[in-house]
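As you go down the protein sequences, you meet chains A and B in turn. First residue of the first sequence? That's 2 in my numbering, and the numbers climb one at a time after it. First residue of the second sequence? That's 452 in my numbering, and the numbers climb one at a time after it.
Bear in mind the hints are in silico, worked out from the structure with no lab data behind them. Each hint should be verified, as a subset may be incorrect.
Listed next, the stretches of chain A that the computed footprint assigns to chain B, with coverage defined by at least 3 CB atoms under 8 Å from CB atoms of chain B [said to hold, decoys possible]:
1. 62-75
2. 84-93
3. 97-109
We put the beta carbon where it would ideally sit given N, CA and C, even for glycine.
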Amino acid sequence: MAKKILVVDDEPDVVTYLCAILKDAGYETLEASNGEEAMEAVLSKHPDLVTLDITMPEMTGVKTYRRLKEDEKLKKIPVVIVTGVAHEFKRFISTREQVPAPEGYLEKPVEPEELLAEVKRLIGGTPG
Amino acid sequence: MSDRIKLTDMSGPDRRPIIHLDNKELMPLPQPLESPDKDHAWAVLSEKVMSSVECGLDDTCALNIPQPKTKEEEEALVKKFLSGLDKLFQKENNWTFLQPLLLTMEHCAKCQTCSEACHIYEASGNNELYRPTFRSEIMRRLYFKHIKHGGLLSAFEHGDITVNWPLVARLAELAYRCNLCRRCAQTCPIGCDNGLVAHELRKLFSQEMGINAKECHDNGSVLQLKVGSSTGMSSLVVKDNIEFIDEDMTEKTGVKVETPWDVEGADVLLIHNAGEIMAWPENPGAFAVILNAAGITWTLSSELAGYDSINYGLWYDDAQFARVAIKHAEAAKKLKVKKIVLGECGHAHKALSVIADRVLTGELNIPRESSMTLLRDIVMNDRIKLDPSRNNFPVTLHDPCNMVRLMGVVEPQREIVRKICPKFREMEPHGVDNYCCGGGSGFAIMSGNNFQDWRFHVSGRKKMEQVLNAFADCLDPAINKYICAPCSNCKGQFRDMLAYYNMWEKHRILYGGLVELIVNAMVDVKPGFIDWEWH
Numbered sequence: 002m003a004k005k006i007l008v009v010d011d012e013p014d015v016v017t018y019l020c021a022i023l024k025d026a027g028y029e030t031l032e033a034s035n036g037e038e039a040m041e042a043v044l045s046k047h048p049d050l051v052t053l054d055i056t057m058p059e060m061t062g063v064k065t066y067r068r069l070k071e072d073e074k075l076k077k078i079p080v081v082i083v084t085g086v087a088h089e090f091k092r093f094i095s096t097r098e099q100v101p102a103p104e105g106y107l108e109k110p111v112e113p114e115e116l117l118a119e120v121k122r123l124i125g126g127t128p129g
Numbered sequence: 452m453s454d455r456i457k458l459t460d461m462s463g464p465d466r467r468p469i470i471h472l473d474n475k476e477l478m479p480l481p482q483p484l485e486s487p488d489k490d491h492a493w494a495v496l497s498e499k500v501m502s503s504v505e506c507g508l509d510d511t512c513a514l515n516i517p518q519p520k521t522k523e524e525e526e527a528l529v530k531k532f533l534s535g536l537d538k539l540f541q542k543e544n545n546w547t548f549l550q551p552l553l554l555t556m557e558h559c560a561k562c563q564t565c566s567e568a569c570h571i572y573e574a575s576g577n578n579e580l581y582r583p584t585f586r587s588e589i590m591r592r593l594y595f596k597h598i599k600h601g602g603l604l605s606a607f608e609h610g611d612i613t614v615n616w617p618l619v620a621r622l623a624e625l626a627y628r629c630n631l632c633r634r635c636a637q638t639c640p641i642g643c644d645n646g647l648v649a650h651e652l653r654k655l656f657s658q659e660m661g662i663n664a665k666e667c668h669d670n671g672s673v674l675q676l677k678v679g680s681s682t683g684m685s686s687l688v689v690k691d692n693i694e695f696i697d698e699d700m701t702e703k704t705g706v707k708v709e710t711p712w713d714v715e716g717a718d719v720l721l722i723h724n725a726g727e728i729m730a731w732p733e734n735p736g737a738f739a740v741i742l743n744a745a746g747i748t749w750t751l752s753s754e755l756a757g758y759d760s761i762n763y764g765l766w767y768d769d770a771q772f773a774r775v776a777i778k779h780a781e782a783a784k785k786l787k788v789k790k791i792v793l794g795e796c797g798h799a800h801k802a803l804s805v806i807a808d809r810v811l812t813g814e815l816n817i818p819r820e821s822s823m824t825l826l827r828d829i830v831m832n833d834r835i836k837l838d839p840s841r842n843n844f845p846v847t848l849h850d851p852c853n854m855v856r857l858m859g860v861v862e863p864q865r866e867i868v869r870k871i872c873p874k875f876r877e878m879e880p881h882g883v884d885n886y887c888c889g890g891g892s893g894f895a896i897m898s899g900n901n902f903q904d905w906r907f908h909v910s911g912r913k914k915m916e917q918v919l920n921a922f923a924d925c926l927d928p929a930i931n932k933y934i935c936a937p938c939s940n941c942k943g944q945f946r947d948m949l950a951y952y953n954m955w956e957k958h959r960i961l962y963g964g965l966v967e968l969i970v971n972a973m974v975d976v977k978p979g980f981i982d983w984e985w986h
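From just these sequences and the hints, can you work out the full model?
Dropping the structure here:
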């Protein structure tokens, strides 16, 4: 069965782009345009991995990440942060005592190969 | 050293660099970096870069200007350049800087006093290309030929110049081989400002031709005006980060830390360089600890750009500069605060305090103050209790050019460090005679191609020398040492340059801000605020 990946980003073009790459590689994708939608999708659809944008309206990627990682049941879901925020943010989010470092981190613009490599590293490839 | 170059080489049709830099020819550094053989080799520009963008100046490339495909394209670009040049000398188009520019064009005596003062020229091993007068002399020749329409006699008197695309492309790059520190302007016996020439060229290229550093424009001021910060962080992200920071600070200091947001009528609107809110979280955290302890009524703003004092337009584009400055003032106006206080960011100081004076009039002319003077009042008036023995390690003070030489904020930060750092030692020279960190004017955020090599080997070299000299008596790695650099861009340069030379690993030289030193000495917080492993 294909692994499920939740793609969270407020820019529809980015969602379309990331989902297309993932689908082409055989993954199933879910979509969310902000943190609140993402939390709903995580709770109801149980994705195997989340790609998470940071600068989003309503609920940011920072808060979403915190909610995910502070929840005993959800914190095992690997998160790949995919962001356009300046690269120093990686160190910031990776050194907070309240949360573990994100499992993956990619800076936009993202190349298809690097996204797939990161996803494969964390949840493996797809059957077939 | 490369053969002595001439101004006319700038117009040479060959696309290859007109000079090459060699570690052996650079200004020697003191121990432990005295051996050029042990220095890092420069990364070489790739063939792909060399064949697609303009790299005809030296061994690096800051702007990635695409090579024109046809002669017609080249001619159109030259025409645009000359049209921009025209505008630089029109009151209607350049009322802000026309007067000092004209004075500089008309009166430079080419005495070379400025060359001796330029850290880039000296660090390069006195390479002609990097003389402040090399760039400005080209500008002067252009001025007399194309603005004053001088004929043969003028060409004889002032020197001639061939204006073609190679010259224009090289000049664009050369405008980005200056930190805009204006040590040259300070030393000029006549009052010419050859540093301004680099600024005006950048402005011409950006405003007229759309040529600028991507880090300052697309990922800088454009992003800031769209999202709120050139870091790419919206106010919501910054708030979430601050929530993390407040919790960390509470844990670390043992004092409940809460950062106020959008408090109407507060005495102080504090605007940080938003880079601090992710790259150096202890800095905004320490500000919160100090201001709360001193009983200041203060706030941060969540308005667009109201939480990020960065204004990269200062370095390359007056229009972008004004757009951002107005956003800063509007944030303060909306909250009806009594004044804006600028956090530890040098260029933000000069941008909003001095240069913006020409833009912010009427209701937008809200008082602006440096955090250095506010902190000085808090510390020197004993509004917080301090124990200097907690800072019993060697400390030196870096003077951010924009704040010190270009604004005269020299003593407040010194009074503080003298009071709270028993092992404080000055760099030589210091104060208004300081040397730039090498990251000024945007370089600290520019690392494309091999530009980073240039800013460590050349523009940052003099500062590296100063740091090593200041700590020459205590390079022993058993002794932790601290460079106090109250400026985000300077800290960015120190972070990168100290890492490049392994200065923490080998000699325990750390850098950081001023507020961290203050909190480290505060009696009412847990000892050990400075995190020596954060570097």
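How the hints compare with the structure:
Check result for the region 62-75 of chain A against chain B: holds, 4 residues qualifying (beta carbon to beta carbon below 8 Å, three or more required). Counting residues of the region 84-93 of chain A whose beta carbon lies closer than 8 Å to any beta carbon of chain B gives 8, which reaches the threshold of three, so the coverage claim holds. With 3 residues carrying a beta carbon less than 8 Å from a beta carbon of chain B, the region 97-109 of chain A meets the three-residue requirement, and the given coverage holds.
Every hint from the earlier list agrees with this structure, and none is contradicted.
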